[in-house]
Amino acid sequence: MTALLQVEGLSVHFDTVRGVVRAVEDLSFAVERGQTVALVGESGSGKSTAALSLLRLLPPGAGRIAGGRVLLDGRDLLALPARDLRQVRGAAVGMIFQDPMMALNPVHTVGRQIAETLHHHLGQRGAAAEARVVELLRRVQVPAPEQRMRQYPHNLSGGMRQRVMMAMALACRPSLLIADEPTTALDVTVQAQVLSLIDELKAELGMAVLLITHDLGVVWETAQRVVVLYAGRKVEEGPVTEILTRPRHPYTAGLLRAAEWREDGGRLAEIPGSVPSPHAMPPGCAFAPRCPLADDRCRAAIPPIRPIGPAHTAACFRAEAA
Amino acid sequence: MTAPVLEARDLAKRFPVAGGFGGPKRVVHALSGVSLSVAAGETLAVVGESGCGKSTLANCLTGLMEPSGGSLLLEGADVAGILRDDPMRFRRRVQIVFQDPYASLNPRRSVGDTVADALRIHRLAPRARRRTRVAELLAEVGLAPEHLDRYPHELSGGQRQRVAIARALAVEPAVVVCDEPVSALDVSIQAQVINLLRDIQARRGVAYVFISHNLALVRHIARRIAVMYLGQVVELGDAAVLRRRMLHPYSRALFAAAPEIGRPSHDPDRPPPLSGDVPSPIDPPSGCRFHTRCPHAEARCGAEEPALRAVDDRLVRCHLAEGFSIPKEP
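These protein sequence lines are chains H and X, in that order.
According to my numbering, the stretch in the first sequence is residues 1 to 322, in order.
According to my numbering, the stretch in the second sequence is residues 1001 to 1330, in order.
Just so you know, these hints were derived from the structure itself, not from any lab.
A couple of the hints might just be wrong.
Listing some non-contacts, in silico: residues in chain H with all C-beta distances to chain X over 10 Å [stated by the list, open to error]:
{"hint": "1", "residue": "Q113"}
{"hint": "2", "residue": "P145"}
{"hint": "3", "residue": "A258"}
{"hint": "4", "residue": "R262"}
{"hint": "5", "residue": "I302"}
Residues from chain X shown here face chain H by an in silico Cβ test under 10 Å; the list is partial [unchecked claim]:
{"hint": "6", "residue": "E1049"}
{"hint": "7", "residue": "E1075"}
{"hint": "8", "residue": "G1157"}
{"hint": "9", "residue": "A1216"}
{"hint": "10", "residue": "H1220"}
{"hint": "11", "residue": "A1256"}
{"hint": "12", "residue": "A1258"}
{"hint": "13", "residue": "G1262"}
{"hint": "14", "residue": "P1273"}
{"hint": "15", "residue": "L1308"}
With the Cβ distance kept under 7 Å, some of the chain H side facing chain X (calculated, not the full set) [said to hold, decoys possible]:
{"hint": "16", "residue": "E42"}
{"hint": "17", "residue": "Q124"}
{"hint": "18", "residue": "R125"}
{"hint": "19", "residue": "S157"}
{"hint": "20", "residue": "G217"}
{"hint": "21", "residue": "V218"}
{"hint": "22", "residue": "A259"}
{"hint": "23", "residue": "I271"}
{"hint": "24", "residue": "S274"}
What you are looking at is a predicted structure, and each value in this text was computed from that prediction instead of being measured.
Heads up, the beta-carbon is just placed ideally off N, CA and C, and yes, glycines get one too.
Sequences are here, hints too, so could you generate the full structure?
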């Protein structure tokens, strides 16, 4: 059986005055039906660029998709005419973003914005659409939905706005939800509410989720598979329980150790240095300058992704030593 | 216990807000009766969610905002008096590091000038020695002499935060209030900055008031923890005691809500997530401010405001606190 979403060799480049920035390079992964896959990485890892590229949502002039395929149910979204792609966005694939205030229109009521999705994709309008809006808001646990639908985004709290975005994204019962840092701007108690809501809806609608996040705790609690990105490339992929307890790439291992806050207040294991500038990428492995295991081979050639365990891959020459 | 370097007693901060369209004036109660203190060389962490008043507290503790009520003591002396008579003296003792070093550093001034300003304004180093002293301070925060002539936009987020820390240390303060100092940084860089703060404390004996919403980090760095909710301290005690067991239902829910690697998906000890949002600090709920979201609330909680009182080696603001403590072994 083919995966719901199959990303193959995706590359996204930005043309800048200082040369071409390879924000995403040769990225491949798959999302099975009903599964949650987390795309994790720190700033500059390319995770958000990759997520936006899947639906060709990069602003014009910003980046260009330099290669690869994005197959949704076998259809290549990168080759689709714009008209057909519009039918995919918001229908087969829903998307929610970190900052719902930026994604919602401030001059329309939230009810109207949800109804617009229903009209555009399903042709629903009038009383039928309104009833469906109320039902959707109720489903995402917005209290008093009949009143809330007549309010504007600025009337709502951050958690409520994120729920409104979810109602919009779920209006057409998508088979895939792309969630780009959906809880990063929320308080931790509200984050817990939103994450458990996503989980419930996933089970109810049989929907798959592609979660983009930097928070490994969130990954542990929501995802089944995880794809770790560093400086635009995939460095490790596998089941969450495996990757977060027995990481094999030194970057993943370092990231986990750096967040291992121990209660004795001892020194944290740092990853020295910082992410290389996209204008001055090292010739070999991008992590080599910060890696405790790096040798001459790592500094000379980019390590290919290779299997190192059941359903577990890593891009590291020294994975066996990690 | 050593005498506190900085102490807040019953601190209050209210902001009047316009009612809008001729409506009645309303008041945001950002801080209501906050009492806490930090001793020399220790780290007090203040945790809470948006709207709990933790940043207002940071601003009041550093003299950037004038409290509406209560008092602040620096090494036992009234801060209002010091700020009136000799504000520079207060600023040499109490410094602040903000969340976003890009906003707190002047983009038009080089790193060296920014740090040297602190020495110049407080007359701590003669001009001839200033550059050497700045280089020493930069070395202390892990920056090289070549960073002296760089500008903030040429630095990474972690390096900028190091500059902000060097500037705070330049006046040799007794207390540094750190308002979410690593929240804007990537995890791999957070660890570097946290280790740096830890080393500086070990070397200089400076006290930190560490304001954060990152609960795991707070447990790691703090010797004492204060949990805030809607402008009040709801639980305050030694980190070691609070780690064993939190008593306030809000503290318990807050720490349980933080995702944690390795925790089983259905942990029976984990309280269920809180429902609802934090109420507005404009009209905080009557009685216990948490009663609208508290799974244990009784009629009394909505009517009678609980006092912050000692239960099981910590202070807690809950009528029912005893019920949440571990029963004594017979």
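Hint check:
no.: 1; hint: Q113; verdict: holds, 21 Å
no.: 2; hint: P145; verdict: holds, 15 Å
no.: 3; hint: A258; verdict: violated, 4 Å
no.: 4; hint: R262; verdict: violated, 6 Å
no.: 5; hint: I302; verdict: holds, 21 Å
no.: 6; hint: E1049; verdict: holds, 4 Å
no.: 7; hint: E1075; verdict: violated, 25 Å
no.: 8; hint: G1157; verdict: holds, 8 Å
no.: 9; hint: A1216; verdict: holds, 4 Å
no.: 10; hint: H1220; verdict: holds, 3 Å
no.: 11; hint: A1256; verdict: holds, 8 Å
no.: 12; hint: A1258; verdict: holds, 5 Å
no.: 13; hint: G1262; verdict: holds, 7 Å
no.: 14; hint: P1273; verdict: holds, 4 Å
no.: 15; hint: L1308; verdict: violated, 21 Å
no.: 16; hint: E42; verdict: holds, 4 Å
no.: 17; hint: Q124; verdict: violated, 30 Å
no.: 18; hint: R125; verdict: violated, 32 Å
no.: 19; hint: S157; verdict: holds, 5 Å
no.: 20; hint: G217; verdict: holds, 3 Å
no.: 21; hint: V218; verdict: holds, 5 Å
no.: 22; hint: A259; verdict: holds, 5 Å
no.: 23; hint: I271; verdict: holds, 4 Å
no.: 24; hint: S274; verdict: holds, 5 Å
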